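Make the full structure from the sequences, and use the hints.
Going down the list, the protein sequences come from chains A and B. If you're matching positions, the first sequence starts at 1 in the UniProt record's numbering and goes up one per residue. If you're matching positions, the second sequence starts at 1 in the UniProt record's numbering and goes up one per residue.
I should point out that these hints are in silico values taken from the structure, not numbers from a laboratory. All figures in this text were calculated on a predicted structure; none of them were measured in a lab. Hints may contain errors.
The list makes no distinction among identical chains, and a pair is therefore deemed to hold if it is satisfied within one copy or across any two copies.
Derived SDA-like pairs: lysine to any residue, alpha-carbon spacing no greater than 25 Å straight-line [what the hints assert, rightly or not]:
hint : residue 1 : residue 2
1    : 236       : 114
2    : 75        : 209
3    : 12        : 250
4    : 12        : 225
2 protein chains.
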Amino acid sequence: MPDQLQPLSHNKVFDGWHHQFQHHSQVLGCNMRFAIFLPPQAQNQSVPLLFWLSGLTCTDENFMQKAGAFETAAKLGIAIVAPDTSPRGANVADDDAYDLGQGAGFYLNATQAPWAAHYRMYDYIVEELPNLLSQHFPLNGKFAISGHSMGGHGALMIGLKNPDRFTSISAFAPIVNPSQVPWGQKALSHYLGDNEQDWLAYDSCALLANSHQHLPILIDQGSADPFYSEQLQPEKLISIAEQMSYPIRFRMQPDFDHSYYFIQSFIAEHLHFHHAYLCQ
Amino acid sequence: MPDQLQPLSHNKVFDGWHHQFQHHSQVLGCNMRFAIFLPPQAQNQSVPLLFWLSGLTCTDENFMQKAGAFETAAKLGIAIVAPDTSPRGANVADDDAYDLGQGAGFYLNATQAPWAAHYRMYDYIVEELPNLLSQHFPLNGKFAISGHSMGGHGALMIGLKNPDRFTSISAFAPIVNPSQVPWGQKALSHYLGDNEQDWLAYDSCALLANSHQHLPILIDQGSADPFYSEQLQPEKLISIAEQMSYPIRFRMQPDFDHSYYFIQSFIAEHLHFHHAYLCQ
Numbered sequence: 001m002p003d004q005l006q007p008l009s010h011n012k013v014f015d016g017w018h019h020q021f022q023h024h025s026q027v028l029g030c031n032m033r034f035a036i037f038l039p040p041q042a043q044n045q046s047v048p049l050l051f052w053l054s055g056l057t058c059t060d061e062n063f064m065q066k067a068g069a070f071e072t073a074a075k076l077g078i079a080i081v082a083p084d085t086s087p088r089g090a091n092v093a094d095d096d097a098y099d100l101g102q103g104a105g106f107y108l109n110a111t112q113a114p115w116a117a118h119y120r121m122y123d124y125i126v127e128e129l130p131n132l133l134s135q136h137f138p139l140n141g142k143f144a145i146s147g148h149s150m151g152g153h154g155a156l157m158i159g160l161k162n163p164d165r166f167t168s169i170s171a172f173a174p175i176v177n178p179s180q181v182p183w184g185q186k187a188l189s190h191y192l193g194d195n196e197q198d199w200l201a202y203d204s205c206a207l208l209a210n211s212h213q214h215l216p217i218l219i220d221q222g223s224a225d226p227f228y229s230e231q232l233q234p235e236k237l238i239s240i241a242e243q244m245s246y247p248i249r250f251r252m253q254p255d256f257d258h259s260y261y262f263i264q265s266f267i268a269e270h271l272h273f274h275h276a277y278l279c280q
Numbered sequence: 001m002p003d004q005l006q007p008l009s010h011n012k013v014f015d016g017w018h019h020q021f022q023h024h025s026q027v028l029g030c031n032m033r034f035a036i037f038l039p040p041q042a043q044n045q046s047v048p049l050l051f052w053l054s055g056l057t058c059t060d061e062n063f064m065q066k067a068g069a070f071e072t073a074a075k076l077g078i079a080i081v082a083p084d085t086s087p088r089g090a091n092v093a094d095d096d097a098y099d100l101g102q103g104a105g106f107y108l109n110a111t112q113a114p115w116a117a118h119y120r121m122y123d124y125i126v127e128e129l130p131n132l133l134s135q136h137f138p139l140n141g142k143f144a145i146s147g148h149s150m151g152g153h154g155a156l157m158i159g160l161k162n163p164d165r166f167t168s169i170s171a172f173a174p175i176v177n178p179s180q181v182p183w184g185q186k187a188l189s190h191y192l193g194d195n196e197q198d199w200l201a202y203d204s205c206a207l208l209a210n211s212h213q214h215l216p217i218l219i220d221q222g223s224a225d226p227f228y229s230e231q232l233q234p235e236k237l238i239s240i241a242e243q244m245s246y247p248i249r250f251r252m253q254p255d256f257d258h259s260y261y262f263i264q265s266f267i268a269e270h271l272h273f274h275h276a277y278l279c280q
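Here it is, written out as structure tokens:
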């Protein structure tokens, strides 16, 4: 019997539908909300799915309301799921800071108290959520992954660790080297402890340096992003990719910042990029 | 000397720029925020301007963040201004209800205490804001007007009362007959008093019935809009327009609701509609 999904809202948008659901996550030990866009093609055939991982403080709603992705996704026949960014609820550990705890799960499996009890977003995104979605929606098993900022880290890290599960990876302004920048060092030390070797399992620069299988990767970075030089530093990943002859398409986008105005300007190109591999 | 604009934020989006400004409104007697999108053409020529009037509870941000209008506006060379929906501030009268007071200005000039002191959104939108914008931005004097729900009422009402100032009107799910529906009756009685004759100066059905000059009008309504049958009833306006041989293009959009998912699905068509008249 399929796990239960509780519908929360649904909206017609372009030729498809946006839905929000709540479900109980066994992996996270709490109720979770996610949103899914189903293109019109899903009414009579199975479709590929793009995972969108959002950034710090976001829920399922930020991308769905602000990215302007649905006209292109409807045309290309791509479903999009937007999970939440952490476990949620009164019983889930949290912190007053915006960059730790609820809204800041960093898409990893925590090992340290008080986080280890619920913060298992890696297993949720890689295992539980795809299984749940495959039970309930007409998906053809082709998955791509994308995200923004902390979610760009999530997309790169999860894609690099699971090259057989995803056709392609893209990211907007990703954290590529969390073990070496303040946002990442704070999160990794709290969630994983002080042994920095343990952090490398979730660091895209380290993962890329040890990768043997190449996935198509597209990264966009705004030149006016206030987090660019301290927290993001995409050149670190690009430099390793060049040494490895790992083909990454990296684009510095002049004058764009870290906001959804940046994302909405290029999301259609990311969807076309993924479409080429999802529908090969 | 031009009135002062205080810049609050700016974002590159597609080939244009989104800006937020604060200024002191003489008409409203308070500080006001607005947002403006400038297309790339504004860098070396003057451009036409679409006024976007938002619905209940909104600020300048809802449309700019959620409507997905900028790709098309950038291509067509149309600037878009999104004013706030009422006067704002601790000294401005308010009400606990979402449909009266701040966020619910109904784009009229109030005559009743405690509202009359600040609630003069009609004069703000028709006089003060266009003058301010013309001082600061490269506008060519061609204005169109559009809006959603309460802002659809505002767009129709202001356009019908000022056919020489606007080339064209469009609306999403507008309140067309506020004197006869609960949202409108509540607002009009508080802002204008109990003489229902006074309400007709702001009622699009009454204005259309007495109009002698025809503007192009486009109206979209979602069939799954929960406010459709009680608060909106666009057929009332369409019926009067047919009697008057006033050409209104009215489209019932199956399954769409009252949200920005509806607006983002058709905003490009509204921009093309206005473009045809703004650039004649």
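For each hint, the structure was consulted:
no. : hint        : verdict
1   : 236 <-> 114 : neither (32 Å within a copy, 60 Å between copies)
2   : 75 <-> 209  : neither (36 Å within a copy, 42 Å between copies)
3   : 12 <-> 250  : between (34 Å within a copy, 19 Å between copies)
4   : 12 <-> 225  : between (33 Å within a copy, 11 Å between copies)
When the structure is compared with the earlier hints, violations turn up for hints 1, 2 and for no others.
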